[in-house]
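Engineer: Here are the chains, one letter per residue:
4 protein chains.
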Amino acid sequence: MKSYIKQQLKHYQEHNHEKARLLVSCPDQPGIVAAVSTFLFKNGANIIESNQYTTDPEGGRFFLRIEFEAGGIDEKIGQMRGAFAAVADHFEMTWSITLASELKRVAIFVSKELHCLNELLWEWQSGNLLAEIAVVISNHEDAREVVESLNIPFLYMKANKDIREEVEKQQLKWLEEYRVDVIVLARYMQILTPEFVSAHPHKIINIHHSFLPAFIGANPYKRAYERGVKLIGATSHYVTNELDEGPIIEQDIERVDHRDHVEDLKNIGRTIERSVLARAVKWHLEDRIIVHGNKTIVFS
Amino acid sequence: MKSYIKQQLKHYQEHNHEKARLLVSCPDQPGIVAAVSTFLFKNGANIIESNQYTTDPEGGRFFLRIEFEAGGIDEKIGQMRGAFAAVADHFEMTWSITLASELKRVAIFVSKELHCLNELLWEWQSGNLLAEIAVVISNHEDAREVVESLNIPFLYMKANKDIREEVEKQQLKWLEEYRVDVIVLARYMQILTPEFVSAHPHKIINIHHSFLPAFIGANPYKRAYERGVKLIGATSHYVTNELDEGPIIEQDIERVDHRDHVEDLKNIGRTIERSVLARAVKWHLEDRIIVHGNKTIVFS
Amino acid sequence: MKSYIKQQLKHYQEHNHEKARLLVSCPDQPGIVAAVSTFLFKNGANIIESNQYTTDPEGGRFFLRIEFEAGGIDEKIGQMRGAFAAVADHFEMTWSITLASELKRVAIFVSKELHCLNELLWEWQSGNLLAEIAVVISNHEDAREVVESLNIPFLYMKANKDIREEVEKQQLKWLEEYRVDVIVLARYMQILTPEFVSAHPHKIINIHHSFLPAFIGANPYKRAYERGVKLIGATSHYVTNELDEGPIIEQDIERVDHRDHVEDLKNIGRTIERSVLARAVKWHLEDRIIVHGNKTIVFS
Amino acid sequence: MKSYIKQQLKHYQEHNHEKARLLVSCPDQPGIVAAVSTFLFKNGANIIESNQYTTDPEGGRFFLRIEFEAGGIDEKIGQMRGAFAAVADHFEMTWSITLASELKRVAIFVSKELHCLNELLWEWQSGNLLAEIAVVISNHEDAREVVESLNIPFLYMKANKDIREEVEKQQLKWLEEYRVDVIVLARYMQILTPEFVSAHPHKIINIHHSFLPAFIGANPYKRAYERGVKLIGATSHYVTNELDEGPIIEQDIERVDHRDHVEDLKNIGRTIERSVLARAVKWHLEDRIIVHGNKTIVFS
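Chains as they are written, first to last, in UniProt numbering: chain D, 1 to 300; chain G, 1 to 300; chain F, 1 to 300; chain L, 1 to 300.
Because the hints were derived from the structure by calculation, they are not lab data. Owing to the predicted nature of the structure, the values given are computational and were not obtained by experimental measurement. Watch out, some of these pointers could steer you wrong.
Same chains, same names: a pair is fine if it fits in one copy or spans any two.
Keeping only pairs whose Cα atoms sit at most 25 Å apart, straight-line, the calculated BS3-like set for lysine-lysine is [to be verified]: (1) 112 to 6; (2) 266 to 282; (3) 112 to 2; (4) 203 to 161; (5) 203 to 295; (6) 112 to 10; (7) 19 to 266; (8) 222 to 6; (9) 112 to 173; (10) 42 to 2; (11) 42 to 173; (12) 6 to 169; (13) 295 to 266; (14) 76 to 161; (15) 6 to 266; (16) 222 to 169; (17) 19 to 76.
With the sequences and hints as input, model every part of the structure.
Structural biologist: Now the structure itself:
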């Protein structure tokens, strides 16, 4: 990592070392917010941002994200987690408390098309993606130059469906070696095995080059052109073992018309892919997404 | 028709009685624009607006729309058409010349949900839809009050799939009686028979309550909710005998999120349907759409 | 009011008679959410929706909106307000608790252009504006027909700047007589006196036909045309005694280009005005807006 | 210039060496299109794209852009221009014929904020900006690394208002030396002298970080924040000697809300600036813009 980016991240960490995020998901019932906010107050925490959502006021599921500030939290986080367990048990919560200053370690998988990788690197250099980009993994050499120019490790290994298992075995080793928390498929054109996906539940973010579910599968721009649609879109979603069917994080579209040939649609699409993927990754890094069944709750 | 609307339309006709529109579609070759514009110049016409498009510069198909003004055109339109036939033959054109002052006669088919009908009536009263709304046909009584309050004939006949043929026979009679040029399905929930559709090629405009081809078929909002999409859309298209597969005229979307339940999606969707259908109908009335295969060229 | 609208509103009230909204604004300090949510829990309330915002984590101002459900709230609202006063005092809160079933009474002021009035009436008939439209007041007769057709009182009085005081005296009398809670200026082209405005702080909603502060004052579309802007907008804001300078509630824009003449801009603008005003009124009716200085916090 | 970009541009030139663009502006009268298209036909040209616009059908001004293909045009362009002069004289045209393969030479002026420069370089590397980036000129060293890594000359000279004349003298020398056709101010924070501007009429493209005319002048994001606007915009325009008043080429906006502090607005704004400037530059490079008084006609 280049030194100016390192300094920038360090600066962020120092200025946010008292910040943490609580994510909660549990059956809805009265008293949850009272219990949680009283807990936080007693533990010296000040709520900065709070979002909640109930699927259904009558017997639904309750979701909560609280961003708070508490002196010394970076040292007593373990203790706070221990104390919160009692509240969590009472309400049958699935929950997490994470430190804003504990940067997630990201691996970016890329192939030959670099626009999504470039956008992520650019947003990262601009201080908009607060993460450690631990490694870039590719089955082509195209990205090496830009990646290494930022002092990010670039790992190349040929990949295709015949050697998938062998490749993934190596990739899993790399992911462990680089202590990766989240995998971003930035137009990585290989299908992952069920084993690989299952090992990273809601940790793999993909960008699909269509407004799902409109053109699931291959060649969406070509099919969009043939169908004569007037809008082109992109979808970022978590990868599950149902191809292109994982929980949608973000989508966006752009207007096109009859004059746009397949190449134009691809070009316009690339711009949408860039911004949609960047937003999805940002929300994930800031713990703003809770997955519920096959949907996401995004507290953006 | 209420007298103030009648007056408004008359005013439009008087101020545009010298305006006409030429639509052309033919194999591309050099000299088409030169021939057409020279023809118009020699016939005393001044070009107001001109749009053209070629599918492919090498041996593609050429499309042209010219709006022009010519003194006395309302009287010599037949003569001009006759003269243009020679040019048209030479280039193997499919073509039409229509008078801007010759208002198309519209039939609106509606069922119980009135938001699209209301939007069309509202845009019509505002002078944005230049047409004669000849008749509203429905299988429910819900629209009668608003339609008759504008002095538009409202024709009711019960409809369902068991009596489809009988119903359509009556509807075809009505369409003839009211000399209808274009049929707008403003959330008319009945499927039309192949015979009915074939009798009106590119003359039936439908509004589909999804961003096609995303949720073809029934209950798109429910399915959009279940899929957790982040955008809700609507599509206006010409009706063909492939269900929801006809040439798309216009589409639009609106952003939604996890908090929007099916009812909210419907509500948001209704707003998009209103504007998408109104735009499609407007373009059709102004002869701005050429159908090419299963796509539209919209010179908007 | 037509009976079907009356029934629709009654239906809403019956299904939401246990719902209420708490709005709070106070200096930020730890423990506010804990205190409020514990209060609600102890009073048998279940939080449905909660939004908060702090202008600045260090010594800023804190804003909170909680929508909650509590059995029998419609009967014990007075008691609850009394009990909450203690919490409110401790934190120096400005606050309110309102019943969702207590519909606000709206007066719409209109002149000759009816598109905004029509949109409000339409949204109201569709069940999207939950309010009693108590009266429509105008200095022209144009709106009488549509207003009276819905059985809403229509009050006409000539108005111009020479008789402003006399007119406003009458209007104030009417507002009192019809127990009006909120005034919507739906393209009412008269300037209100400081006295009239001061008597209704943050209770008068205006629609301005430009993207403020771009074209403050008269003839914004003409000036937009002359400046050659590529976007046309509208702004809804609370009226204060600084002309066009009150707190902005909502804004939106639409793309235009060189082909759009002043009339086209007006037309496009009208569509934006309709939706922007309708959204602003809806948020006000649902107690989603808190005014802070010359800005709004909109918990939409 | 890096060799792969050079190759890419060469490839474009070879595949478009028969393409040219005719731009025309003249008083409207019948027969212009007939004369021009007949001229083109007789000179062996095939029209690929054609756009026209008349300010006013009665005695207005007429604008035309035709993109055409003609065998050997790159060699006989001088001859064609000579022949067209007769047509042009007859209709009192202001006109130009340019070769698509003759790439414009661009100078980018930049200061310390690099997001607009980066976007332009990125779009250029992607093949979306067909130009020779001849030189980057700056009063800071921040951009040197990225610019020189692409083998583009980077010229540094300190600048401030006290040494403006001296600086501009040097810059003008550089512009001549590098044979620059168009100057892009990519967040160059210095004001140019009237002499400098007058020497490049409609050749200097600026990006202003607001939706003009909303926040003319300094600190637009701070002022937008204080005004509480709900939309943030950017404007690209040609530079004239009226500060921020030159002909607008393109504008766009993004939605913001009360939670966005000045820093957030700046961040969001930067994204809009990037895309708005890139679009404006692209249209200029493709000869899609005609300036008429203080407005632009953009045949996009």
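Engineer: Each hint needs a verdict: does it hold in this structure or not?
Structural biologist: Now the hints, each set against the structure:
1. 112 to 6: between (27 Å within a copy, 20 Å between copies)
2. 266 to 282: both (24 Å within a copy, 17 Å between copies)
3. 112 to 2: both (24 Å within a copy, 19 Å between copies)
4. 203 to 161: within (22 Å within a copy, 49 Å between copies)
5. 203 to 295: Answer is within: at 15 Å inside a copy they meet the 25 Å cutoff, but 39 Å across does not.
6. 112 to 10: Answer is between: at 22 Å across copies they meet the 25 Å cutoff, but 32 Å inside does not.
7. 19 to 266: This pair counts as between: shortest inter-copy Cα distance 23 Å, intra-copy 41 Å.
8. 222 to 6: Neither. Shortest intra-copy (42 Å) and inter-copy (29 Å) distances fail the 25 Å Cα cut-off.
9. 112 to 173: Answer is within: at 23 Å inside a copy they meet the 25 Å cutoff, but 42 Å across does not.
10. 42 to 2: neither (41 Å within a copy, 54 Å between copies)
11. 42 to 173: Classified as neither; 43 Å inside a copy, 53 Å across copies.
12. 6 to 169: neither (30 Å within a copy, 40 Å between copies)
13. 295 to 266: Result: close only across copies, 19 Å inter versus 27 Å intra.
14. 76 to 161: Answer is neither: 47 Å inside a copy and 53 Å across each miss the 25 Å cutoff.
15. 6 to 266: between (35 Å within a copy, 23 Å between copies)
16. 222 to 169: Neither. Shortest intra-copy (34 Å) and inter-copy (41 Å) distances fail the 25 Å Cα cut-off.
17. 19 to 76: within (12 Å within a copy, 40 Å between copies)
Checked against the numbered hints listed earlier, the structure breaks hints 8, 10, 11, 12, 14 and 16; every other hint is satisfied.
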